[in-house]
Amino acid sequence: MKVRVDPQLCQGHTLCAMNAPDLFALRDEDGHAYALGEDVPADLEPQAKEAARSCPEQAVVLF
Amino acid sequence: MSTEQAPTADAERKKHVISLDRHSPRYRLEFAELATEFHAKCPVAWNDTHGGYWFASGNNELFDIARRADVLSNDNDVDGVRNGYVGISIPPASASAGGKRQRGGFLEMDPPDQRYYRQALNPYLSPAAVARWKPVIEEITRACLDEVIESGRIDFVDDLANIVPAVFTLAMLGLPLKDWTVYCEPTHAAVYTPPGTPEYDRMRELQMVMGQHLMRNMLAVRADPRPGLINELLNVEIDGRRPDEMEVFGVVMLLIGGGFDTTTALTAHSLEWLSENPAERERLSRERDTLLDSATEEFLRFFTPAVGDGRTVSQDCVINGTEFKEGDRLWLSWAMANRDAKVFADPHHVQLDRKGNRHASFGLGIHRCIGSNVARSVFKTMVTAVMDRLPDYVCAPGGAVHYDTTGVINGMKHLPATFTPGRRLGPGLAETIERMQRVCDEQRLAEPITVRATTARL
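In the order they appear, the protein sequences are chains R and Y. This note's numbering numbers the first residue of the first sequence as 1 and each following residue consecutively. This note's numbering numbers the first residue of the second sequence as 1 and each following residue consecutively.
None of these hints come from the bench; they were simulated from the model. Every residue gets a Cβ at the ideal spot worked out from N, C-alpha and C, and that includes glycine. Just so you know, not all the hints are guaranteed correct.
As the list claims (entries may be wrong) - Some residues of chain R that are not near chain Y, with every Cβ distance over 10 Å (derived):
1. LYS2
2. ARG4
3. ASP6
Stated by the list, open to error - Here are some, though not all, of the chain Y residues that point toward chain R, as calculated from beta-carbon distances under 8 Å:
4. ASN122
5. ASP293
6. LYS355
7. GLY356
8. ASN357
9. ARG358
10. HIS359
11. ALA360
12. PHE362
13. ILE366
One chain only, chain R, in its complex shape:
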């Protein structure tokens, strides 16, 4: 599983980093999210799915 945050859709709700702190970080200057890496370790796949499900803007892309 791979993950990324669509920067055109992300509005800085911060829920991905709240639900999956090992996969996402928030930029200091505006709180918008980015994935720490593209590859999701197998044990973090549930976290990645929860981050995608709970994003209000549906900006977390799993592929």
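With chain R fixed as given, assemble chain Y onto it according to the hints.
Okay, now just chain Y, sitting in the frame of chain R:
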């Protein structure tokens, strides 16, 4: 198009008609039933009250509409120099004493101006920026509770949830902390006081005093710069221009309005619910390391402090089969979308560990609440402190005073409670505010994260 066809076409376009006065008690008292009915029958309806406007309550429908900034406008064209749009309130906000509507800062602007403002202010309000203030927020909260801890009685609104957001908002703005009372009452009262009452006249007087205080202090910041949101706004360039003082004033009033009543409303409702559900309160306190985040999001979903926002359709378009015309007004009901069973299982119940909670309480799209990180941080600090220091509090039966109507904010005026008295931990509020002022000044806490990265030291 012939004139004979137009009414029929319009009737077809607005085939799902509702009559819901959002500013009536019915909207508050029958909220869950109305939401369920609309979701089943008409997730996008034409509401024939207040001049007629679209009412989007379905979660999926609202998701598709709210993010279409290309066809929606927030503009409040108070000078009548653009399209004459009237901003985000339905019905439109009434004119002030000068006979002119006041623009609600960048929430009543469209890009690119709106984007310039947000880029300028985000470094003061991002999660990293807010985290620097944690010790200050905790200390103000501690002092509020110390004021009442020996008495065994508290009004959670008056003694806590009104104070912490107000003092902290002034700190971020760069205003004198001790003057929080000048801003507190008129800001809350403006939301719940109906026009044509003696209370309304008093509120307008307090608003005048607040406005004068703010203008005086803005000029003082200009003359003798001190860090904070006001200083940023006085120096910011918006698409190559420097906003005048009235425009800055409108932005500051937006930040105050957004920063005060919403967090108060969320905190009061959550504390009332935790009083009514003591087992859940104990669980939240015990499992706070894993549960406080999801509980906070669930309270946000369930109580949705800012219940919705208005828009004006800026060009003819069709979204999910609904035909919108340029100039149509539209209400985005964040509160009802948050209760849609298609997205939230058992939507009318609070589940502190709810998963997939993609609530819309901070709005959706480019106007996402810029203070959302402040709200979360202040809320969590207050609720945690109450669980620690007033673990057995009980809200007085029948004592809670909810707003009569919740057309703008789902708020509360009073929430009295009793608890087993405890010991003070430090100085009272006035002395603490004085000390926090010194800390703010000496450490320049209100600088943006791009200038100052370290956490406050008390």
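Quiz prompt | Non-conforming hints, listed in increasing numerical order | solution = Those not satisfied: there are none.
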